[in-house]
Amino acid sequence: MIQIKDLHKSYQVGANKLHVLKGLNFNVEEGELVSIMGSSGSGKSTLLNILGMLDEADSGEYILDGFPIKKLNEKVAAKYRNEFLGFVFQSFNLINYKSALDNVALPLYYQGIKRKERIEKAEYYLEKVGLIEWAEHLPSELSGGQKQRVAIARALASNPKVLLADEPTGALDSTTSYEVMELLQGINDEGKTILVVTHEHDIANMTKRIVNLKDGVIVSDEIVNQKRVLQSV
Amino acid sequence: MFDIERWQEIFDTLKKNKLRTFLTGLSVASGIFILVILLGFSKGIENGVKSEFQRDATNCITIWTGVTSKEYKGNNPGRYIQLKNDDYNLISQKYSDYIEYKAPLYQRWGSTVTYKNETGNYNVRGAVPDYQFIENADISNGRFLNQSDIDEFKKVVVIGNNVRKDLFKDEDPIDKNVLIFGINFKVVGVFYDPGGWEENIAYIPITTAQRVFNAGDNLRNMLFTIKMSDNFSESVILSNNIARGIESDLKLMHSVAPDDTSAVRVNNTLEEAAKIYALIDTIAAVFWFVGIGTIIAGIVGVGNIMLIIVKERTKEIGVRKALGALPSSIIGMILQEAIFVTMFAGLFGLIAGLGLLELIGPQIQNDYLKYPQVNFNVALTTVFLLVFAGSLAGFIPAFRAVKIKPIDALRDE
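Residue numbers (this note's numbering), protein chains in the order written: chain A, 1 to 233; chain B, 1001 to 1413.
Chain B on its own, in the form it takes in the complex (with noise of 0.2 Å):
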């Protein structure tokens, strides 16, 4: 394969056949471009997607209540179903092997929260430890709720980011006491919301937050997410029986007609995960389809030039084989020629593909697109791929023109 006179030989024949040359190279280089970039782009929606969807867990059941609309064994519509810590601890048994993490909640919108002389109004939310992994809440500073904070009514804090820039600016707020409606709490920890958009939060205990508000018993809202299986239909399927499943059990224990829509309500973010993920899925497909659209093009324009090449040197075949070539050495020149044109533009068209990416990449500020990258191997067999068809495009023709016989392709004017 390396002989330098051959590839003296090739050179020359480059060289002097610019157009041609440089006509093939767009082609291939352009169709790898194309296909680097497309599929640049679709792995950065599905990045950027994912990321949107990160801020909360995306296998979480939420159940909430509110009144009544129809009327049910002798009960008038318009009645308030309350929600009770007895209710939560019964679904919680019942399903206590579906569920991954679970927390009841009790929470106050625009309740006034003082630090010095700084005051704002927060939701704050009796929560549990586990409903840090519901909201996906990160710990910056300090530490969430645990369980003894639960168990002795501790009265502790842990505030969002915002609060802590509205209440405390520069100040370390950990340890610091602040004032919800006008009871000291403790300061214990800062979380931040990976989708920002739910620190404006200040959590406190549960059984705090039931006695604070004066709620006896009374729950808001229950939140579970569901164990998943490494089958993700499977689990949408097992969530969906599950929500509809606590939906009825409510609606049994509370006296609600099953079909009234309004007194108990479950939504399930996982089935709209699944929604979100064909999407992505069918967005990725759609890529790739028009990315392999664009290989073939790439394939069959190849192919043709090479053809026409061919074509175009039957004569010169002709004369190189009365002047003493072997047809192997014909056609070894054609074909290393155009693996050396195709894989040269092929790996021009990848980097100049993946350096764009590169470039502009990180410069992309929207939520829909996030960090478009290239699998390189993907990228790289596409290369293969392509040159491997231009080859097998110029091999058939070259083959059949070193069967001519010499005198038939110089005879033909």
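One chain only, chain A, in its complex shape (with noise of 0.2 Å):
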């Protein structure tokens, strides 16, 4: 599913230049469930923007699906974003002003799906998530978890390929990040590709491979037993 071939990437930092990721190669299979680990500054953010081509590697090869992604115009790599993948951050990143169903409804309205259609979809991923009696509230209506089992639905609306997830329990206390993993491990079990950016070692367990990240490199790329969140609590 993700093929990566000696990636590299560097920022100019004011006069220096700032490798951040040295030569990276890994693939990731259908139906995998990746943490990539490390410590703040380790490159695993940088890893993941590329990854979700909303930014450029400098030199290395990046198959997703199949499709290279290399040089991409704003339109294709806005059709590849919506379709192929999507995401889960820390901060949930709902919009304010829109319902927890328009907010899912959203990137279906970026794939030109008409209204009904997209509120009977949206209807269907909020229910999966278990928010379908919350549909109407606004993201300040929700608690920390259900704005992030919102912006989880949201992800899925797409179908897409590819779920990327940037620190998804970073804001969440230890019960409510145990029910988003739940969830997340359920989403895999049906099938669907998860790639979690975490530095919580609990959180990391309960995925199936975890790639840890030391500048720039990686330094450790092995299969755990997955810890299902139903035992650990």
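What the hints contain is simulated information worked out from the structure, not anything from laboratory work.
Keep in mind that the hints are not guaranteed to be accurate.
Which bits of chain A does chain B cover? Going by a derived footprint, with three or more residues having C-beta under 8 Å, they are [unchecked claim]:
id, segment
1, 67-81
2, 89-99
3, 109-123
4, 195-205
Derived pair list, reagent style DSSO-like, types lysine-lysine, alpha-carbon separation capped at 27 Å [said to hold, decoys possible]:
id, chain 1, residue 1, chain 2, residue 2
5, B, Lys1018, B, Lys1311
6, B, Lys1403, A, Lys98
7, B, Lys1403, A, Lys17
8, A, Lys161, B, Lys1311
9, A, Lys121, B, Lys1016
Not the full set, but computed from the structure, chain B residues with beta-carbon under 10 Å of chain A [unchecked claim]:
id, residue
10, Asp1012
11, Arg1320
12, Leu1323
Glycine residues also receive a C-beta, built at the ideal position from the N, C-alpha and C atoms.
Put the two chains together into one complex, using the hints given.
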């Protein structure tokens, strides 16, 4: 599903060049649930930006579902983002003046789907995350865990090939974090490929594979025994 | 541009951000509203002052005489200078190329005019046909004096509307005889004065007046209007030169000291008119200045609001981008929203301003403020200018915002 070969990325910081990613190689197969771990500055967010087509690598290859992602124009990038990827953010990033339902329906708007169908699909995914009763509520009326579940529903709405989660539990307490991870595990069980960036070991242990990043290189990449949320609680 | 889904999205956004929408709209609408009112009143003042001035020709040179105040060429001061027909003929001959209308005048204040049992004292003026145009007398009934009245010393009279009201009440005065100094005159016309000030007057032929008042060939006044060229300031200069020329000619003919200001007097209304027009122009300029200032303030206000809106929506833009929105669709959405709000509010302000002028315009009873009105095209242009400026002010930050990488926009806490 994702193939990365010799990926390099550096940033210009003042007069210095900061080499963030120093030749990464790894593959993700369909249906995997991978966590990318590392302390801050390890380059994990940069990697996620590149995977999410929000940023471009200096050199190296990135192939997503058979499509080489290189020098895309804005139009194609937007289309790929919409169709291939679903994003879940640490700070939820729901649009605060839109109801939960409208937030979930937004990626469908950019797919050019008609309003009626959008609402139906959005309702389906809200149901899936267990928040159908909260459909008409604004984000400010929801708890952190509920917001993240709405965000997950939104990420799923466009039926992407890969779900990218950037510290999805970073702003949540541990009980809620586990609920969110349980949801992600369930989605993964249905076959969706998920990448989670985190720095929490217990969260990482709930995935099937942990990639450790340090100073821009992969120090370890191992399949782990997935801890099911229900067992750990 | 017309995409129903896009509009739904925009209306959604506007509806859910009522305060923001309202404030943007308010600043645009009030700017346009104030401009319309200002321009309307500026026009109203112009109309008012112009109509005040309408009562007489604005390009009129009037000459009258008095007693000399200085000794000159062996003549003692205190000598009365009497204008004669010859003076009038000489002057009109000399300046005939520049003169439009000309009139000699012989008048008596407080002349008794009688019709049946009604009697009143009026200013009886001996005049000529041209005088109608100099005084801007509107004939409501009958006719003004004509050349045959002058040539044949006819005993006819044209009376002012006030004279008609006093003497004839509701009766039709035409072809009735009135007594002036005990002599029968036939009423041939009634006139209104657009300024309304000079209706206590009766005009008789100048030749008849000189006979009736035993005046020989004496005149009291001479009036000339100067042909106007397209260039107003040139006309002012020309008429000033003519006025000065006439003054020195008359002083020469009557042996009056050139610096004697009381014996021969020349008044040039065009000079006065030039001052009034300059004043109107100044007032209009001030209103425009204030109006444009208001519009600039409005533009800055709209621009400011757009900046804040885009700033506030940076995160939302990042989210939309991450969800697969094209940069162009985001800019398009923000612009369309801005144009819709400013256009709607601008037209609202325009209609409110025009409505107010329509409503209170006719109620205004003031000599110097009449029929306030606005050039619709000017007002509409300003609305579009404001819309354009508002969109531009929205476009720049929106363009910058979509250039920010979504992750940066979203990370920014």
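Would the hint linking Lys161(A) and Lys1311(B) be met if the CA-CA limit is 27 Å? Status violated; Cα separation ~32 Å.
Verify the proposed pairing of Lys1403(B) with Lys17(A), using a straight-line Cα cut of 27 Å. Since the Cα atoms of Lys1403(B) and Lys17(A) sit roughly 22 Å apart, the hinted pair holds (cutoff 27 Å).
Min Cβ distance, Arg1320(B) to chain A: is it shorter than 10 Å? holds, 7 Å
Are 3 or more residues of the segment 109-123 of chain A near chain B, judged by a Cβ distance of less than 8 Å? holds (count 6)
8 Å C-beta criterion, at least three residues: is the segment 195-205 of chain A covered by chain B: Coverage by chain B is violated for the segment 195-205 of chain A (0 residues, Cβ < 8 Å).
Are the Cα atoms of Lys1403(B) and Lys98(A) separated by 27 Å or less? Cα-Cα ~24 Å, so holds.
Coverage criterion applied to the segment 67-81 of chain A (partner chain B; beta-carbon cut 8 Å; 3 residues): holds (count 5)
Asp1012(B) as chain A interface residue, shortest Cβ-Cβ below 10 Å: Constraint on Asp1012(B) satisfied, holds at 7 Å.
Would the hint on Leu1323(B) be counted as holding, given a Cβ-Cβ threshold of 10 Å to chain A? For Leu1323(B), the interface hint holds, since the closest Cβ of chain A sits about 4 Å away, which is under 10 Å.
Sort out whether Lys1311(B) lies within 27 Å of Lys1018(B), counting only the CA atoms. Roughly 18 Å between the alpha carbons, so the hint for Lys1018(B) and Lys1311(B) holds.
Outcome, coverage hint (the segment 89-99 of chain A, chain B; C-beta under 8 Å; three residues): holds (count 7)
Given the hint that Lys121(A) pairs with Lys1016(B), does the C-alpha gap stay at or below 27 Å? Holds - the C-alpha atoms of Lys1016(B) and Lys121(A) are around 23 Å apart, at most 27 Å.
Hints 4 and 8 from the earlier list are contradicted by this structure; the remaining hints agree with it.
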